[in-house]
Amino acid sequence: DAKTTQPNSMESNEEEPVHLPCNHSTISGTDYIHWYRQLPSQGPEYVIHGLTSNVNNRMASLAIAEDRKSSTLILHRATLRDAAVYYCILSLPQGAQKLVFGQGTRLTINP
Amino acid sequence: SAVISQKPSRDICQRGTSLTIQCQVDSQVTMMFWYRQQPGQSLTLIATANQGSEATYESGFVIDKFSISRPNLTFSTLTVSNMSPEDSSIYLCSVEESDTEAFFGQGTRLTVV
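As you go down the protein sequences, you meet chains R and B in turn.
Everything in the first sequence is counted per the working numbering, starting at 1 for the first residue and increasing by one.
Everything in the second sequence is counted per the working numbering, starting at 1001 for the first residue and increasing by one.
Please note that a few of the clues may not be correct.
[Said to hold, decoys possible] Listed next, the stretches of chain B that the computed footprint assigns to chain R, with coverage defined by at least 3 CB atoms under 8 Å from CB atoms of chain R:
1. 1043 to 1051
2. 1079 to 1087
[Said to hold, decoys possible] Only some residues are given here: those of chain B computed to face chain R with a beta carbon under 10 Å:
3. Q1014
4. R1015
5. S1018
6. Q1024
7. D1026
8. Y1035
9. C1093
Note that these hints are calculated values from the structure, not bench results.
On a predicted model such as this, the values are computed, not experimentally measured, just so you know.
Beta carbons: idealized from backbone N, C-alpha and C, even for Gly.
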């Protein structure tokens, strides 16, 4: 499985944008980039995924570098409820739910 | 989206005993996954469970210790046997509903004393 590298922790202020980086220099051409987050005392939840193009949904945006060796999860206006551990995961589209979790980024939101 | 219920939500068990964790899904799913999350750590996949076949275990996990059943398309169990304090973790089940999104249960917090 291709590996991802994320900062251990990040901090931001409420109502400000947050950019969470992820490096995946060994990504293959068929790997999708998935982001999940784990709120305190809960199971992980899906945030967003993409292959090559930037993606937007109601939770976040995903910006993928042209060479696909890195990506950035963007929370446009952080709230206290966004405090969580964010995981960047690579997987194939088939059987994509066999997920290999790295250590993730612990995001702290200051009021 | 799939709704997953895990039972029990937490338990405190004596070393040497076994615990069976149940995972119930509100829709039929092909694949179910069991993960372990040790204190302060990330999630590690234990095994993949398909209905009607033996579970597929990841490296470092064996059936004698982590026995999995998958009797139908909406239910699975994980039995942790001969427990020791090192087995204290959160155990989570997960399902595939589409090719793009996985859903997780709230987890079972196990403490072995």
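Each hint, compared with the structure:
Under a criterion of three residues with beta carbons nearer than 8 Å to beta carbons of chain R, the stated coverage of the segment 1043 to 1051 of chain B is upheld, 4 such residues being counted. Closer than 8 Å: that is the beta-carbon criterion, and the segment 1079 to 1087 of chain B has 0 residues meeting it against chain R, so the requirement of 3 is violated. Interface hint at Q1014 of chain B: violated, since its Cβ lies 24 Å from the closest Cβ of chain R, which is beyond the 10 Å cut-off. With a cut of 10 Å, the hint placing R1015 of chain B at the interface with chain R is violated, because the nearest CB-to-CB distance is about 25 Å.
Taken as an interface hint, S1018 of chain B does not check out: its beta carbon lies about 23 Å from the nearest beta carbon of chain R, beyond 10 Å. With a cut of 10 Å, the hint placing Q1024 of chain B at the interface with chain R is violated, because the nearest CB-to-CB distance is about 14 Å. Proximity of D1026 of chain B to chain R is violated relative to the hint, the smallest CB-CB distance being about 15 Å (cut-off 10 Å). Restraint check, Y1035 of chain B versus chain R: the minimum CB separation of about 8 Å is within 10 Å; hint holds.
Among the interface hints, the one on C1093 of chain B holds; its C-beta lies about 9 Å from the nearest C-beta in chain R, closer than the 10 Å criterion.
Hints 2, 3, 4, 5, 6 and 7 from the list above are not met by this structure, while the remaining hints are.
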